[in-house]
Amino acid sequence: MGFLLIKRVFEGAIDYLQVMDEQGNIDQANFPKDLPDQKITDMYKYMLFARALDAKMLSLQRQGRAATYAPLIGEEATQIGSAFAFRNQDVFVPNFRQHGIFLVRNFPLDNFFVYWKGYEDGGKIPENFNGTAVCVPVGSQMPHAAGIAFALKHMNKDAAVIAYVGDGGTSEGDFYEALNFAGVWKAPLVTVIENNQWAISVPRKDQTAAQTLAQKAIAAGIKGVQVDGNDLLAVYKAVSEAIANSKNGPTLIECVTYRMSMHTTADDPTKYRTDEEVAEWQKRDPIARVKAYLVKKNLWNDELEKQIADEQLKKIDEAVEKSEQFKPDPRSMYENVYSFMPEELKDEEDAATASNFWQ
Amino acid sequence: MDTQMNMVSAINNALGTILKQDDKAIIFGEDVGRDGGVFRVTDGLQAKFGEGRVMDTPLAESGIIGTAIGMAIAGLHPLPEIQFAGFMYLGFDQLVSHAARYRMRTRSTISIPMIVRTPVSGGVRALEHHSENPEAMYAHAGGLVVVEPSGPYDAKGLLLGAAKLKDPVIFLEPTKLYRLFKEEVPEDAYELPIGKSKVVRQGSKLTIVSYGVMMPAVKNVVESKKVDAEIIDLRTINPLDDATIVESVKKTTRLLIVHEAQQSFGVGAEIAARVAEKAIYELEAPILRVAAPSLPYPDPGYERYYYPTEKKIGAAIDKVLSS
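Going down the list, the sequences are from chains A and B. The numbering of the first sequence is my numbering, which starts it at 4 and goes up by one. The numbering of the second sequence is my numbering, which starts it at 12 and goes up by one.
Read the hints as simulated data drawn from the structure, not as lab findings. Among the clues, some could well be false.
[As the list claims (entries may be wrong)] No more than 20 Å apart at the CA atoms, straight line, and that leaves these computed lysine-lysine pairs for PhoX-like:
#1 A:349 - B:207
#2 A:120 - A:160
#3 B:289 - A:349
#4 B:236 - B:175
#5 B:236 - B:31
#6 B:59 - B:31
#7 B:322 - B:289
#8 A:160 - B:35
#9 B:230 - B:289
#10 B:230 - B:216
#11 A:349 - B:59
#12 B:35 - B:175
Only a predicted model underlies this, so the values are computations on that prediction, with no experimental measurement involved.
Generate coordinates for the entire structure from the input sequences, incorporating the hints supplied.
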């Protein structure tokens, strides 16, 4: 008779980080290092800017002046908190909802509107943007992020990649493959899971039996942490630390937030979730708690808020106006596929140009 | 200086040339490093260029192609290998959804220069999924350059030509030809044009268009039957050089297309359509195709019934010449 030797070969745990609670109270022990009040105020302004942009996009879409759009409302802390942790040299890999980060990264706003109106011309990536294009197939941006992170390391650049993926995206094979590759390569990849609880109509609990999404890091042998994604300071802190540590390898950060609005303008969330649930999350609004904190510290007031809202709206309106001057050229479809012009494609283009079908 | 090389050595030689010429180039994939690839195509390259340039990856095809896209975005020149074309479908989404579209999506501000090498073709009694001919799927996507060499000399020249492109290239290597014959291949670098086919034999009674794995069979049949046929080797499948084909058909008035892949919706269908559009009144006989039946590649036991053999090519030549 033999004895079965049971030996524990692995232990893991996932920490949850919150720095600022729903009322704007701070856990001083966890307050991010080197974070001046001015930076918090700047982040707050961008949260407002992102929400204002979102509102404008919805209005444009409802008027038929924009195509389908994926709103970000409710996810401002996750987006702005992480974007402010970026260094200039860090590369941003979005999915299709990180409009707030496009703002922080100074993406030309008129091009943003051109893109969401349905024209690739708005998707031109500016030289200094240090980011990739909007990526629609869920999770498929993740291997790109791992590849870019590999390349940065391979070329000895002191830079990291910050990639975004939703809760639904964590079920995709590409998500696992990317974390696994990055783990093997010890690549400087910081992945932010923007867990907004809903993948269109499928709730987080039906996406995976895993208790947290952050624990998916464990299987890839990389760091994982869960943060309150509606807490600007917690997100900022977690992403800053992950970037600082990125030369040692990847980190997975699950930001627990909530999609306050629809998946896209083509979606009706009243079909699958209750008003009560939305109201519960409303109490955890990411903007309200930063405002409470800033007001308490006498760094913000309603007058400033009004002034900044006017400035932001003006910027947005000017960009919309400029974007509406854009004239699409159907030939640009043909001429931006290959680095050279195949004869057959040229013939097709010429035939279409010569016809009156485009008029 | 020329050396006798088979296709494996010629591709190995070309890859070494690319690594030497281009410090952004990097080869990676399953078993390409220490093992030198399951067909030994990358043999010795890791020892010569180091693990940073020739690298084994985890076993995940979408991960390999997806990370290659990321590397290309970041300024490297990735040359991933997918071990067999039959496993490349796992990376198909990355190829058609991203590699093929990235330049268009960003209006040419970001290009994806990369070469995905993968063994294709049957006729070697391999297990299921090891004999695929997926060229039409990649050609159909739009945005992917698809190349399939038919011999060692072409393999090296086309690979070096592809390495100069800023586009994603699918480089299909016929396993059956890897070691079938040797040719004189220059040690020095030379490039063959991408997107141009080659008239490999002049003739006046019939045009036969083929590429890659079927080329030796086509040449054999034409020689043994002593047919006055013009033979065109496509070399590049997308973009398709139909000008050379149309010009030839205008001279010969007959067209036969030979490929190993399934007949329906295949490369032959596209060639036939273009010739019909551009030269149908020059034809004196219906266009014929010799290809595999329109069903998935079978297991090796049934391969000899499925395969577009020399016998089938011979019968088709007789038919097109007699009609």
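Now the hints, each set against the structure:
| no. | hint | result |
| --- | --- | --- |
| 1 | A:349 - B:207 | holds, 15 Å |
| 2 | A:120 - A:160 | violated, 36 Å |
| 3 | B:289 - A:349 | holds, 15 Å |
| 4 | B:236 - B:175 | violated, 40 Å |
| 5 | B:236 - B:31 | violated, 45 Å |
| 6 | B:59 - B:31 | holds, 10 Å |
| 7 | B:322 - B:289 | violated, 30 Å |
| 8 | A:160 - B:35 | holds, 14 Å |
| 9 | B:230 - B:289 | violated, 26 Å |
| 10 | B:230 - B:216 | holds, 15 Å |
| 11 | A:349 - B:59 | violated, 43 Å |
| 12 | B:35 - B:175 | holds, 12 Å |
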